[in-house]
Amino acid sequence: MLAAPLLTICVAALPAEPQQAKQFHLDISGGPVVSVLRQFSSQTELQVVANLHESETKELGAFVGHASADEALQTLLRDTDLSYTWHADSAIRIHSRRRPSAEDGVHSIMVIGTRLDHEHGPAPKIAYTRKDIERFGVSTLGDLSRYFIQQPFSYGTGHLQSGAQSLQLRGLGVDTTLVLINGKRVSTSANSISQNTIDLNSFPVTAVERVEVMSDSASAIYGADAIGGVVNIILKRVVTQPEIQLHYGEADGGATQRRIAASFGASNDRLKSTLSLDFHETTSLMGQERDLTRNQDFRRFGGQDYRVSTTHAGNVYSLTGRPLPGLSSSRAAVPPGTAGIGLSPASFFATDGELNLGSSLSDWSIAPPWQRVSAYGSAEYLATETISLFGEFLVADAELTALRGPPSLTQQIVPASNPFNPFGEAVAVDYSFAGMGPISHVYETNLLRGVIGAQSRIGDWDLELTGLHHHENGSNTTRGGLDFERVSSAIQSTDPQSALNLFSDGPAGSTALLDSLIAPTQSLGFAFSSSQLSAIMRGPVLNLGGRSAELTVGGEWRLDAAGFFEAGKRIDVSRDVVSVFSEIKLPLFDKLSLKIALRADDYGDGGEQRLNPQYRALWQPLDEWTFRVAYGTSYRPPSLYELNMPVSRLTVPIADPLRGGELSNVGFIVGANRDLESVTAHSFTAGFSFQPSWISGLRLSGNYWRVQMENRIVLPIYSELLNPNGELTGRVVRDAPTAQDLLRGWAGPLRSIDLTRANFGELDTSGVDLEASFSVGSDFRGLQFKLSTTWVNDYSIRDMNQALPADRVGIANIQGTIPQWRVVGTMGGRLGAFGASTTATFTPSYQDADVWTGPLDRRIRSRVLVDLQAWMDLDILGTALLDDATVMLGARNVFDVAPEFANAGAAFGYDVSQNDLIGRFIYFRLSKRF
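Position in the sequence shown (from 1) plus 114 gives the number in our numbering.
In short, the hints are calculated from the structure, not lab data.
Treat the hints with care, since some could be wrong.
Pairwise CB distance ranges (calculated) [said to hold, decoys possible]:
no.	residue 1	residue 2	range
1	Arg895	Gly551	42 to 50 Å
2	Asp921	Thr765	33 to 41 Å
3	Asp921	Arg865	33 to 41 Å
4	Gly718	Arg895	57 to 65 Å
5	Leu996	Ile809	36 to 44 Å
In silico EDC-like pairs for lysine to aspartate or glutamate, Cα to Cα no more than 16 Å straight-line [stated by the list, open to error]:
no.	residue 1	residue 2
6	Lys1042	Asp998
7	Lys136	Asp737
8	Lys245	Glu326
9	Lys298	Glu578
10	Lys239	Glu885
Cβ coordinates follow ideal geometry from the N, Cα and C atoms, glycine included.
Given these sequences and hints, build the entire structure.
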């Protein structure tokens, strides 16, 4: 016999109005019973216990509208064998119509969820469901993040050499958005240790049930790194039918994707389990396939020429600055088509004073080849009537290869004794090795994440105990580089069989000679792991005139450990964090409640102690209207990498502006700064939600937000440190000025500049998010519309580079452009077995800028990207083999809108934060349930 002991989603306070009579604004998407009941519980703030038989875990339809709990449940459960029973005024038990009490048969209690629900009222949170993800046609979570209106810019997979894609809500930095999996913190990715961020490509999108984006600073609830907000990746916990999905897509010239995924589910009276398997592969897209990277001479657009002189037919330079022997100029291009044998200075008459130039990005993989194999599983076991055990695991093995063109030599000195040197004296040569493959950087990562825990109901209180371990190993293997000692020896050789011929428009030697110049494969390892124990209790503590207050208390212990190479040295470091937190919701009046959260974090071994509060008020004067306001503080501590990377000294010649531009050999000190302090922030949000009862399916919401960051962690710029009026004093060391220096008004000679990371500068940004959605009909026959937009009022930053404007709104920036507006609109419909949807993303016109000198007198035009998808349920074909099968055909960027030239992109030629070079991407997807 199984009673009803386990609470699914418990809310913080119960209004005075009887729950059975209250009207709710509901927007419940269809899906598995567990998912639908979780949404119902969250939106009504009612306790729900589901006592179900395995055969009753079918899918339920959607419900959108203004209704009582009874009306909603009667509609949701209408075509099932399920019914419900009220317990007191705040709890509902879902059970079989055949066995209302569950006492005359064996059923299993569905643990729909007992984790903290931190969204009450119109909190700035947007959920992207499984259906949304499917209809966006994305294959990675990084691609999905491009549709987040709270993220003003995104970089493609090929932007970073490691291929990592990260989140940075509000454009505050990749280390200011906290990522969770099923409500639990995700550790820093091994291939992103230096950036202290999460690589979204680590997680299979096919295992995702939904993604929740909460764009409100939340350190009082979740701890560090939640300055910009929180993204919770919720993985599948219920699979009602085994499913296999095949995906194939490609762009013009490459970036072909192939994926096969399968999901399974099994259950009995006490145990429910799921398993998702995913294989994903993407081929490369090389720079030569796109105009901007094939030809980096941007003078045709009014820009600069970013071509390089390290080409297959290279270039020759005089070492003295005087003309090359027999020529009128100090430089000459190697004649095209020459084999480099028997040349003389006369062979260079036609190219005297000229240079061979080429585009280095043409040999780069602008979309790198990568593959990932992953498996995710979860299980829930009902141990007793009041105790449930749960666990989950995620394993992933990924490999990405960044191709960076063939090896090259810059200003390589070739002696007169080289048998192929036609000038009779030593010269310098630029050359790119023909006949050699590209230098490749292979990033391999292995991820293992496991969670175990227990949930229990003790009287009116819920208790959850959780243990978590997240570990990721990685390596960066470099192949195809040069052994410069062997190269130097081959250049010095006087034997034509073993000497390098850098004057050839082609291979510089035999295949055996070139192979002998390749350096041994070099591999550097890195790792990051986190172990965590947590305990959370939640339940009522007060009865204020018939209204209950609810308290949440908990604690966490976390041990983070990192391992990485720096300057050839292996570094292994760790730190532990102890946290306690509490949250209470007080019903002040009939329609007004106050929520207070407080969290204390202690970073051990002499680290910082942080205390962060958050205050939220919720007011619902009418059933259709809800208002919310919140204020809180948040922080981001220095990372293990920033605190522990080795300190080294590099000697670099620079021009000293305080000594008349005199060149000085200066020691640059780079590396860790153990005195770094946490980045801190204050955030304020105020929002509303309007869901009229007289227009079913309509929902309007808005949210004002402001985030102020202080004490940011930056890499200093030496030119700014040399400013005697600068704020970072004490980082420049000079000798005492001589008497002659004093007469000239010069400072003393430079000795060293400290370029270790520093706490410097502020960032203040604010704006408004707006959203309107409307749906009519059902999943079988209906239409849905949704329009989301963000307007950025200001994005003011005080940074080291004083050439750039303080307010970055509407001005291109290679560090990330902040458009004034960002709009994402979706529309979809279904008629029986057929459906279609479209998504449009709008970016307004904004001002171009030079990387170093700032804004320019030219604008980058506005842009609209349109995606289109259509699908069909194959049941209509009447073939048993195709029952429960769906086929989808879609295209992202269906009109193939190419990036516009932008000076802000420097050598890339386009704004890399707002565009990618993939272009139109067409895909086909087939899914089959069994």
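A quick look at each hint next to the structure:
{"no.": "1", "hint": "Arg895 to Gly551: 42 to 50 Å", "in the structure": "56 Å, violated"}
{"no.": "2", "hint": "Asp921 to Thr765: 33 to 41 Å", "in the structure": "38 Å, holds"}
{"no.": "3", "hint": "Asp921 to Arg865: 33 to 41 Å", "in the structure": "37 Å, holds"}
{"no.": "4", "hint": "Gly718 to Arg895: 57 to 65 Å", "in the structure": "59 Å, holds"}
{"no.": "5", "hint": "Leu996 to Ile809: 36 to 44 Å", "in the structure": "39 Å, holds"}
{"no.": "6", "hint": "Lys1042 to Asp998", "in the structure": "6 Å, holds"}
{"no.": "7", "hint": "Lys136 to Asp737", "in the structure": "9 Å, holds"}
{"no.": "8", "hint": "Lys245 to Glu326", "in the structure": "14 Å, holds"}
{"no.": "9", "hint": "Lys298 to Glu578", "in the structure": "13 Å, holds"}
{"no.": "10", "hint": "Lys239 to Glu885", "in the structure": "11 Å, holds"}
Violated hint: 1 only; the structure is consistent with all others.
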